[in-house]
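Chemist: Just so you know, the protein sequences line up as chains A and B, in that order.
No gaps in the numbering here: position 264 of the first sequence is 264 in the numbering used here, and each next residue is one more.
No gaps in the numbering here: position 77 of the second sequence is 77 in the numbering used here, and each next residue is one more.
Rather than coming from a laboratory, the hints here were simulated on the basis of the structure.
Incorrect hints may have been included.
As the list claims (entries may be wrong) - Only pairs whose alpha carbons sit at most 30 Å apart, straight line, appear in this in silico DSS-like list of lysine-lysine:
| id | chain 1 | residue 1 | chain 2 | residue 2 |
| --- | --- | --- | --- | --- |
| 1 | B | K136 | A | K263 |
| 2 | A | K162 | B | K136 |
| 3 | A | K237 | A | K226 |
| 4 | A | K102 | A | K263 |
| 5 | A | K102 | A | K35 |
| 6 | A | K263 | A | K162 |
| 7 | B | K227 | B | K246 |
| 8 | A | K176 | B | K270 |
| 9 | B | K306 | A | K226 |
| 10 | B | K227 | B | K136 |
| 11 | A | K162 | B | K306 |
| 12 | A | K176 | A | K263 |
| 13 | A | K176 | B | K227 |
| 14 | B | K227 | B | K270 |
| 15 | A | K176 | A | K162 |
| 16 | A | K102 | B | K270 |
Unchecked claim - Calculated from the model, a selection of chain A residues having no Cβ within reach of chain B, i.e. all distances over 10 Å:
| id | residue |
| --- | --- |
| 17 | A13 |
| 18 | S52 |
| 19 | M149 |
| 20 | N150 |
| 21 | A229 |
Virtual Cβ for every residue (Gly too), placed ideally from N, Cα, C.
Single-letter residue listing:
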Amino acid sequence: MKQILYDKAAPAANSILSVISAFVVGGVILLFIGKNPFTLYGQLFLQGMGSSLGVIETIIKMAPLLMVSAGLLVAFSGGLWNLGVEGQFLMGAILTGWLAPKLVPFLSLPVYFITLGGIGFAGGMIWALLPAILKARYNLNEIIITLMMNYVALNLVTWMVKGPINDLSVVPAQTKLIPMTHRMPMIPFTRIHLGLIIGLIVIIGVYWIIRRTTMGYQIRVLFANKRAAIHTGMNVKRIIVWSLLTSGGFSGLAGAIDVLAIKGLFQGGWNPMYGITCIPLVFLARLNGWAVIPLSYFFSFLVVGGEFVARDQGVPVFFVHVLEGLMLLSFAAGEHIGKGRVT
Amino acid sequence: MLFEEALFVTVLASTLRGSMPMLLAALGETYAESAGILNLGIEGMMVAGAFASFLVGLQTNMVPLGFLGAAIIGAVLGGIIGFLVIGLRLNQIVVGLGMTVFTSAFCNLLHRIIFGSQFPMLWGAGMTTEIPVLSKIPIIGQPLFNQHWLVYVTLALVPVLYFLLYRTSLGLRIRAVGETPWAADASGVNVYGIRYLTIILAGVLASTGGAFLAIGDLAFFIPDMVKGRGYIAIVVVMLGRWNPIKVFLGSLLFGFALSLTSALQVAGLKVSPDFILTMPYLVVILTLIIIAKSTSLPAALCVPYKRGE
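Only chain A is shown next, with the shape it has when bound in the complex:
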């Protein structure tokens, strides 16, 4: 990770080339499955970027990507592999879906939203707590633990939504519907909900903290040289715990906002798998918060356009994940070629 991310030699070029080469390899795969890549990519851009529906949907979908990416930015900046964003997202989402209808009669709207945002954030933090403590206390590899926490979360939320917190009045396993009056408000004169603004504030705020504050500096030192961090008397354990908790918190917040703005409830089996999208995204952004914004637009466009194309052209949505995996691989390869790298 060290070699990959803090190389300033060719900042944007490699990211752009990674996207292009992923599209090229993806095109070969399309040929292989008997689809015309030019038609498909043409439709993808036409519908995803060329239609107002596509553009609006893309902008709406940016909100969770910005928040999850902000969380990953914190963790990756400290060299911590938080691969558990899916679980953290689900915990934030299910707590919100469960508690929001209960809070409706008691709280005024602003307090209600702030409370639920806090609940979502807390849900994500809770799910990052165990990996964080194990990493700080025993230096246990967070990769496996966070991945395992994802599988625990997936099964746990299915269990919760089928049993303890089920809305018994409807057949599908889901929580009670949040009334329309208590959904996330829209940005005036648009049908884009406020999550976008929150996401933009979060990513810029997080990036500012990482680049401009003592705490952020300490996180970066931890990444660059853990031994040096310990020797300069930094409380490394505390930094590890708080970076991972904050990282989980933002994923949980994304879950809360998706429930409050888009879904209106938590459904069994719902898992948008933002991790698969946001990990390549944050890599391509080279841990730069400003670069995350246009890339969020681009990845959101891929997801939205991919859904449109899946319906029209018969290329399943999984194709977008194929492209995302390829981007990650070609980004890693590009770093190597760009530098003629010596380990």
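Based on these hints, arrange chain B on the given structure of chain A.
Modeler: Same frame as chain A, but now just chain B:
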């Protein structure tokens, strides 16, 4: 008495069966890690193996060819990962993640294109082979000696792979490459060759493990059927400390955790299967906490090797 016997037999049989995919993957991972490669692509390899075996088996209508197809795909994927992390010396974690995302998504894509939303069965898959005489032993006969043929092969592989890694000069070379690649190189060991060999072996075994899941234990493929077993295999290797025999015991532990669902149904306990399904992963985390202090990784794990540095 009859009830307890039925429970015991079910648990024993499904533990053994359930541990096979992880055991196969973990045996391969033992070799790769011993030679210094952490293979996070293992999860994707298992998905690919499961899908390839099912597809080939269904197309040719011959189940054994399915296993062959999986092994070939596994070797190819191992070769690709090898090229990226040995040849190009890319970051093993990023490559592993990228490969897992790519291969899983690619299999899901092909599955949706070929089968739509249908999940056909592969007839003739999942058949067990009864070993004469031994299977007639009361109680333990059926669960132990009436299993799929791959179970017997895998069990036989455990001592063979142990012997190869710890009692032969090839095994010594593999371990040398994982600990001090420069020293191994200086004494004439082909570091790159050994690493390629182990990652390809890891691919073959992981994909075969995936194949066992799809057409050995069951007879169909569903896209998310691997459910983290590849990652669990990595934990099994840590638990077994790169010793195939201990790796076998470790995978039995997780096989047991996975078999709890069917066991509790037999026992007639009304616990939600979704809740029980969190158990294997919690057992993994618990295991990691317990072994936390005693794990030491091969010194050159995750470190690419370049001559003359």
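Chemist: Just pull the numbers of the violated hints for me, sorted ascending.
Modeler: 1, 2, 5, 10, 11, 19 and 20
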